[in-house]
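Q: The residues making up each chain are set out below.
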Amino acid sequence: MSTTAARSQLASDQAQAAQRVGFGHLMLAEWTKIRSVRSTVWSLAIFVIGTLGLTALFCWLTVHAIQTGRAERRTADLLVDPVSFILQTGIGFGQLAICVLGALTMTTEYSTGVIRASLLAVPKRLPVLAAKCVVFATLIFVIAEIVVFVSFFIGKAVIHPVVDVSLTQSGVARAVIGAGLYLTVLGLFALAIGALIRHSAGAIAAVIGLVLVVGPLLGLLDSYDWGRHVHDWFPTQAGSYITRIHQASDQVLTPWQGFAVFGGWTALLVIAGAYLLKRRDA
Amino acid sequence: MIEARDLTKKFGATLAVDHLSFTVQPGRVTGFLGPNGAGKSTTMRIILGLDHPTSGSATINGKPYAELTTPLRTVGALLEAKSVHSGRSARNHLLFLAQTQGLPSSRVDEMLDLVGLRPVANKRAGGFSLGMSQRLGVAAAMLGDPQILLLDEPVNGLDPEGVLWIRNLMKHLASEGRTVLVSSHLMNEMAVTADHLIVIGRGRLLANAATDEVIARGSGQSVRVRTPDPDRLTKLITAEGGHAVRAATTANGDGAEQAPLLTVTGIPAARVGELAASASVVLHELTPQLASLEDAFLELTSDSLEFGHHESEPASQLLPEPAQAADGRIR
Chain R
65 MSTTAARSQL ASDQAQAAQR VGFGHLMLAE WTKIRSVRST VWSLAIFVIG TLGLTALFCW
125 LTVHAIQTGR AERRTADLLV DPVSFILQTG IGFGQLAICV LGALTMTTEY STGVIRASLL
185 AVPKRLPVLA AKCVVFATLI FVIAEIVVFV SFFIGKAVIH PVVDVSLTQS GVARAVIGAG
245 LYLTVLGLFA LAIGALIRHS AGAIAAVIGL VLVVGPLLGL LDSYDWGRHV HDWFPTQAGS
305 YITRIHQASD QVLTPWQGFA VFGGWTALLV IAGAYLLKRR DA
Chain Y
7 MIEARDLTKK FGATLAVDHL SFTVQPGRVT GFLGPNGAGK STTMRIILGL DHPTSGSATI
67 NGKPYAELTT PLRTVGALLE AKSVHSGRSA RNHLLFLAQT QGLPSSRVDE MLDLVGLRPV
127 ANKRAGGFSL GMSQRLGVAA AMLGDPQILL LDEPVNGLDP EGVLWIRNLM KHLASEGRTV
187 LVSSHLMNEM AVTADHLIVI GRGRLLANAA TDEVIARGSG QSVRVRTPDP DRLTKLITAE
247 GGHAVRAATT ANGDGAEQAP LLTVTGIPAA RVGELAASAS VVLHELTPQL ASLEDAFLEL
307 TSDSLEFGHH ESEPASQLLP EPAQAADGRI R
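Quick mapping for you: the protein sequence lines, in order, are chains R and Y.
Those letters in the first sequence? Residues 65 to 346, by our numbering.
Those letters in the second sequence? Residues 7 to 337, by our numbering.
It is worth saying that the hints were derived from the structure and are not from the lab.
It is possible that some hints are incorrect.
[What the hints assert, rightly or not] Here are the computed lysine to aspartate or glutamate pairs in the EDC-like style, where the Cα-Cα straight-line distance is at most 20 Å: (1) Y:K177 to Y:E167; (2) R:K220 to R:D145; (3) Y:K16 to R:D345; (4) R:K342 to Y:E73; (5) R:K188 to Y:E73; (6) Y:K177 to Y:D201; (7) Y:K129 to Y:D115; (8) R:K188 to R:D345; (9) Y:K88 to R:D345; (10) Y:K88 to Y:E73; (11) Y:K88 to Y:D165.
Note that this is a predicted model, so its numbers are computed, not measured.
Start from the sequences and build out the full structure, keeping to the hints where you can.
A: The structure is reproduced here in structure tokens:
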């Protein structure tokens with residue numbers, strides 16, 4: 065009798081708990097996980113300081129070179145797309161930190177064994193990945209937008225003697241906001257690869273290899289028509305178009321099309337990661 | 007209640023769990039015993055939904071683990087493999103787990119007090135000793151005040167104080183009516199902790215019975231007999247269908263001449279006494295030797311440790327009916 069009573073008590077507890085526990089709780093738990101390890105704090109600190117510092121340094125060096133007549137070609141770049149000129153160095157560096165953080169956010173679950181605790185708590189599994197993606201993307205979006213806007217205003221002030229750029233000019237606001245969006249999706253892209261590969265070193269090598277090696281190599285195919293298509297449809301290449309003011313003449317995709325392609329690739333990887341998370345033994 | 011039905015798990019060509027069926031009842035400590043590599047951890051991981059069985063099923067209160075809405079409130083688990091980020095504090099580890107179940111953060115502090123980790127709650131878990139890590143694991147398992155507990159090798163590597171703590175905790179939890187399944191390869195630990203034993207070897211069920219029963223029946227009992235007339239007694243015992251082995255030497259340094267020692271198997275001590283009395287053989291000692299759980303365990307698992315594939319007879323005596331049926335299906 066007492067066991068039956070205990071069991072029905074347990075059942076009603078469960079029913080109450082089911083009402084109380086929702087996706088919000090899982091997001092809160094993922095937020096606790098992300099904020100409570102030093103690697104997150106360090107990666108983001110390196111991202112913020114490195115991006116802002118390099119932006120300021122390289123803008124100043126180039127402007128100084130132009131003013132002293134050492135860089136005619138750079139002057140042309142600067143005049144054509146001042147936003148790209150300002151942001152490219154910072155993003156080039158910052159994306160490494162974001163890639164590492166994205167991959168580690170997923171792979172440390174496996175390397176430390178926390179994945180077992182996570183899946184014991186949420187045995188349906190997919191809500192863990194979903195909550196992690198939402199919390200991580202939100203965190204990166206907020207920080208990345210702040211960093212790219214601050215970078216933009218630093219760069220704008222530094223290059224002011226050469227060219228005047230403002231957010232109200234055509235394509236400028238979209239390019240700056242787009243830089244933050246690019247970094248956010250890149251983080252998710254890395255996280256998804258982490259979910260697929262599950263090992264920190266392997267996942268980081270794969271992401272960095274794709275972003276820094278394969279992407280630029282595909283640029284060498286631009287003398288072929290098909291080569292330009294391959295190049296433009298490559299995830300990070302397609303995604304980077306949103307950070308430029310103008311669409312280049314040999315560019316197959318518009319900025320937003322490119323961003324959609326990058327988002328599509330990332331969604332595919334997340335879905336593949338979700339499928340494997342559900343299927344594999346943890 | 008935990009129930010495993012015809013559970014099988016293959017890793018490639020290796021059969022880790024082989025048509026395993028058992029139930030674990032509430033209100034007692036059930037020991038899950040087997041040599042290393044017998045499939046204990048894999049079975050527990052399947053019950054907890056971490057591994058997918060190749061065939062068969064495991065349920066908690068009639069439901070697969072994955073269908074529990076707030077599983078930590080129903081089942082607490084302490085796995086052998088570590089599942090804590092070395093850079094995260096004990097409090098934050100428990101906090102994120104509590105948040106997934108909609109538990110208040112006050113519950114985290116209660117658990118830290120329960121296991122005595124409050125003073126180091128904000129320290130990185132990577133710096134914890136084995137005993138402290140195990141306490142953190144217990145805190146995580148108890149977080150949702152679950153009615154069912156699965157503990158995989160909880161005393162492994164603990165000092166005697168830690169072993170005693172875990173042992174008393176398990177007994178206490180079972181006495182509260184909870185279901186406690188604890189795996190171990192340490193037979194003596196199970197002999198003093200578990201009320202009931204599920205013994206497996208090479209993924210197969212070898213015994214599922216009360217601990218006393220496994221000890222009593224798992225191994226042939228023997229009788230120590232000292233008599234000045236070993237040859238006559240040996241004849242009587244052999245005629246009765248028993249078996250007597252004379253110890254090599256009985257001489258010891260304390261001067262007193264001792265009568266030769268026989269170890270008798272196959273006949274109970276009482277019958278040995280009756281035989282001796284009927285033939286007027288003098289006995290100096292007649293001691294029934296209770297097999298330890300260790301003996302019983304070694305006997306049960308000896309077949310499963312070998313590569314040959316033969317039936318373990320003492321084991322099949324202990325198998326309950328449904329499990330025997332499951333066994334019979336193996337081709």
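Q: Now look at each hint and say whether the structure bears it out.
A: Hints, verified against the model:
1. Y:K177 to Y:E167: Holds - the C-alpha atoms of E167 of chain Y and K177 of chain Y are around 15 Å apart, at most 20 Å.
2. R:K220 to R:D145: The given pair, whose Cα atoms are some 12 Å apart, holds under the 20 Å limit.
3. Y:K16 to R:D345: holds (12 Å)
4. R:K342 to Y:E73: holds (14 Å)
5. R:K188 to Y:E73: Roughly 7 Å separates the two Cα atoms, so the pair holds.
6. Y:K177 to Y:D201: With a Cα-Cα distance of about 9 Å, the restraint between K177 of chain Y and D201 of chain Y holds, given a limit of 20 Å.
7. Y:K129 to Y:D115: Holds: K129 of chain Y and D115 of chain Y sit about 14 Å apart, inside 20 Å.
8. R:K188 to R:D345: Roughly 13 Å separates the two Cα atoms, so the pair holds.
9. Y:K88 to R:D345: With Cα atoms ~16 Å apart, K88 of chain Y and D345 of chain R stay inside 20 Å; holds.
10. Y:K88 to Y:E73: Violated: K88 of chain Y and E73 of chain Y sit about 24 Å apart, past 20 Å.
11. Y:K88 to Y:D165: holds (18 Å)
This entry does not satisfy hint 10, going by the numbered hints stated previously; all others are met.
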